Amino acid sequence: MLKKLSVIVVLALIFASCGNNAEEQEEVKVLTVAQFNEQAENLVDSVVTVEGTVEHVCKHGGKRLRMFGEDPEVILDVEAGEEINMFEAEIEGSDVIIEGIVAEFRIDNAYLDEWEAKEKAKLAQDSTVVAEGEESTEEVAEVETTEETEAVEEEHEELNVNEHHVSDVFGQIEKYRKQIAESEKDYLPFYSITCTKVTVKEIEVMTK
Amino acid sequence: MKFKWRKWNRATHRDVGYFFFALAVIYSLSGIALNHINDWNPSYVVKTKEINLSNKITKQEINEQKAIEILKLIEEENNYKKFYFPDDNTLKIFLKGGSVVIDMNTGKGMLEKISRRKIFYEFNLLHYNNAGKYWKWISDAFAVALMLLAITGLFVLKGKNGITRRGAWLTIAGILLPLIFLLIYL
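Line by line, the protein sequences are chains A and B. Number 43 in our numbering belongs to position 43 of the first sequence; there are no gaps in the numbering. Number 320 in our numbering belongs to position 112 of the second sequence; there are no gaps in the numbering.
No lab work stands behind these hints, which were simulated from the structure alone. For clarity, every value in this text was computed on a predicted model and none was experimentally measured. Don't be surprised by glycine CBs; every beta carbon is placed ideally from N, CA and C. It is possible that part of the hints are untrue.
Said to hold, decoys possible - Here are the simulated DSBU-like cross-link-like pairs (lysine-lysine), alpha carbons at most 30 Å apart as the crow flies:
| no. | chain 1 | residue 1 | chain 2 | residue 2 |
| --- | --- | --- | --- | --- |
| 1 | A | 59 | B | 257 |
| 2 | B | 215 | B | 255 |
| 3 | A | 201 | B | 274 |
As the list claims (entries may be wrong) - Derived list of chain A stretches under chain B, where covered just means 3 residues or more per stretch with a C-beta under 8 Å from a C-beta of chain B:
| no. | region |
| --- | --- |
| 4 | 84-97 |
| 5 | 189-197 |
With the rest of the complex left out, here is chain A (with noise of 0.2 Å):
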């Protein structure tokens, strides 16, 4: 009897152990925007845990939210996973703790050749659409010459809008073009968390 009962105590403690060490083992360490964005080259594809202060939802789909640490320029961007799905616009500005899977993104010139030409092919396209325009305008200027007027200066200000945002594409295109050149590797790495799980922290709202 007492053979087995020592038996008995032994297994409980063996287990015991065990899963103090499958505790110990689960006790991850949680990083920081600014230590993720320093190691992130070396944890892609691992599981990770960050802390930081939602910034913005995507409040269209939730599917990105972006995060900040203790200095708001370093940032995160943070991708709903399957798990997830989508991010509660109400966690903006609230404390959270994401875990999830590092993923990498690169940007090589291979990538900006396909970039810049999807946009001069968009910008051609925009350019033709009132280029129509205005030639059906003459057709009927001599009958409704105000309201026609109004209409092309209208896709005017569209297309102009869209040149500014071509402009700062372009921009951008050329500045990764930059960097590229600069840097030792042949492409721009960027880098996020596809979320697994989104714990946010309480924040006791002032009233005073």
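Keeping the supplied structure of chain A fixed, place chain B upon it in accordance with the hints.
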């Protein structure tokens, strides 16, 4: 005894239809909402309002207390969450359900309030498969049920309105519609 397949077909169509009525409404309504995601925000109502503090503020004078004082001016003091400076000239105060962004040089800013869009928020939550890990199995079952409803629906009626006559033409038209778009855009 002869198996009365048409009777079973009708019963299946009827009962599956009754059972999945709610899901059909939920998925179709949120489907329309999500189809137009570029034109509106299907889950949230976002309201913005210009504010003017009528005096400039400095980064140094801002602390939690001061941020709450600013919120008092727009009656949002009870919603204070946190503040930070996106850049040297801008103060952003997060609220419960929104934020305030203030240009510290001018004291002008924008209050943004967000609230959940009634019914659509809940429906979209389900459509986005964000209602727990078991919901996806329910939505899978619904997808299977839709196929079942479509197939059984073909054979509910006999005669001139059945699948061999009027039904055939409408079914063919319904098949051609996606095919035409695929031919154009594929």
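Hint check:
no. : hint            : verdict
1   : 59(A) - 257(B)  : holds (18 Å)
2   : 215(B) - 255(B) : violated (54 Å)
3   : 201(A) - 274(B) : holds (23 Å)
4   : 84-97           : holds (count 9)
5   : 189-197         : violated (count 0)
The earlier numbered hints that this structure contradicts are 2, 5.
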